[in-house]
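S.K.: The listed protein sequences correspond, in order, to chains A and B. Here the first sequence stands for residues 1 to 281, where the numbers follow the working numbering. Here the second sequence stands for residues 282 to 562, where the numbers follow the working numbering.
Just so you know, the hints here were simulated from the structure itself, not pulled from any lab data. The C-beta atom is built at its ideal place from N, Cα and C for all residues, glycine as well. Certain hints may be false.
Some, not all, of what chain A presents toward chain B, calculated at C-beta under 7 Å [unchecked claim]:
1) 65
2) 68
3) 72
4) 196
5) 200
6) 280
Protein chains: 2
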Amino acid sequence: MTHGTQPTPAPSGTPELPPEPAVPGRLSPAEARGLFRAGFVTPTAGYSDGFAQANLLIVPKEQAFDVLLFAQRNLKACPVLGVLDAGETSSELLAGGDIRTDVPRYTVYEDGVLVDSPTDLNAVWRDDLVTFILGCSFSFEAALREGDVPVAHIEQGVNVPMFRTNRECAPAGAMAGPLVVSMRPIPASQVADAVRITSRYPAVHGAPVHVGDPAALGIADLSRPDFGDPVRIPEGTVPVFWACGVTPQAAVMRSKPALAIGHAPGHMLITDLKNSALQLP
Amino acid sequence: MTHGTQPTPAPSGTPELPPEPAVPGRLSPAEARGLFRAGFVTPTAGYSDGFAQANLLIVPKEQAFDVLLFAQRNLKACPVLGVLDAGETSSELLAGGDIRTDVPRYTVYEDGVLVDSPTDLNAVWRDDLVTFILGCSFSFEAALREGDVPVAHIEQGVNVPMFRTNRECAPAGAMAGPLVVSMRPIPASQVADAVRITSRYPAVHGAPVHVGDPAALGIADLSRPDFGDPVRIPEGTVPVFWACGVTPQAAVMRSKPALAIGHAPGHMLITDLKNSALQLP
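Given the sequences, and given the hints that come with them, work out the whole structure.
M.R.: So this is what it looks like as structure tokens:
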């Protein structure tokens, strides 16, 4: 039981951790999920190139209609890629996988309060839990970079900055809350390209909800995001705002279900869905 | 109480019917809904040019999660434009309107059996009813014609032919059933255009699910549709199949809820949503 052959030491407490992959982008989604299932914990940016990574939201069946209706009413913030039936732990989005173990790190909320960040859900799983798999901006960021539109936070090696806005989402039952947006500074000459490219990915937040003028969204200071990291805003860029997958998580937490589960920030579910399959037209 | 000034006699039994409009395409959605609310009964093709017409599906709250989940799992057949809360009778899709009166004719099912086709829902409305407003192919047909792609059934003055296929939808709770498709014969040189144009309208069935080869869908005879009318297939055209809004209705009926309500075929809800707002990117 030695960790000596691993390039990066893994968190302690887990025996026989698999080694960090040399080229994470070349792992198939099933290989990446297997690695996390075996206990390897890492943010998933850069894993399984070309495949959609997804946000996770798990609630008791009792809350599931409100969550699904909230998603339908706020599609840009809550693009649903798949829903597992109550108690179901796998689907064609994670073929052969297990939603309880295949995400590197989870967050567990009780009555709306974060109580744990486990690396599997074996201790908390219940047969009445419904799993929502929600699209994530990683997919359109790959398309932006493929289209030679720079993505500043990736170039700067930080998380995307996210902001609560003064826009309320359309409520659904107990689910209500502000729209949360992510911000990417885009060169003025490429704003049109950024709109055009991301419009083609409605299943992963789609076109921006706002271009320029952060004050109109109630954002006082771009250098102080509510979530994620500040990003340096290059000369000649315009702040462009996309609806963000934190929106439904914030609304769920506010509705204070007895139990709610998400993924830890940046520790996403890697699905078998190709980004190219999400592109329209 | 005379109908003598009306260009087309209205169904008997309703006093003081408003006259048929001279140019139905120029009515605003609110004007058209007002006409139907006042008792005028007509198929809605050709009404309120440029605005989205929609399928209606109303079920008790008890069935609503299954319906919404079925829609999410079969997005191409069940594109949800809006959901009204239990008991709610209006929304921003029909501003100032009333879902119980603003569709020219409804269908009422009890335990999965058609029991009535009333012109309003006043006698059957209940406070636990949840209304689903679903996109309809009228919107993309307008875009096809704008793009000079001929739509044969419109040119021939008949309803679109629809077929049950051998493909099962992804089930959700009590909701299950075959995918139903509509068929439009498209000139071989314009099939690519038809795909390109309808791909841009994911909220109204989107791209075709199948091009050519009806036998592969289990369709033995294109001249004998399961719903709608046969259409003459012009020389040099290829049968192109789109997911159809009859799909969710068929699945609901099969699940036999105590009460379910739809629109009568061709008698749609005219919404305030512009077709142009449905176009991506």
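S.K.: Each hint needs a verdict: does it hold in this structure or not?
M.R.: Here is what the structure says about each hint:
Checking residue 65 of chain A against chain B by beta carbon gives a least distance of about 4 Å; that is within 7 Å, so the hint holds. Proximity of residue 68 of chain A to chain B holds as hinted, the smallest CB-CB distance being about 5 Å (cut-off 7 Å). Of the supplied interface hints, the one on residue 72 of chain A holds, with its beta-carbon coming within about 5 Å of a beta-carbon of chain B, less than 7 Å. Annotation: residue 196 of chain A was flagged as interfacial toward chain B, and the flag holds, the nearest CB pair being 6 Å apart, inside 7 Å.
Restraint check, residue 200 of chain A versus chain B: the minimum CB separation of about 5 Å is within 7 Å; hint holds. Satisfaction of the interface hint for residue 280 of chain A is found here, the shortest Cβ-Cβ separation to chain B being roughly 6 Å, below the 7 Å cut-off.
Violated hints are absent here; each numbered hint is respected by the structure.
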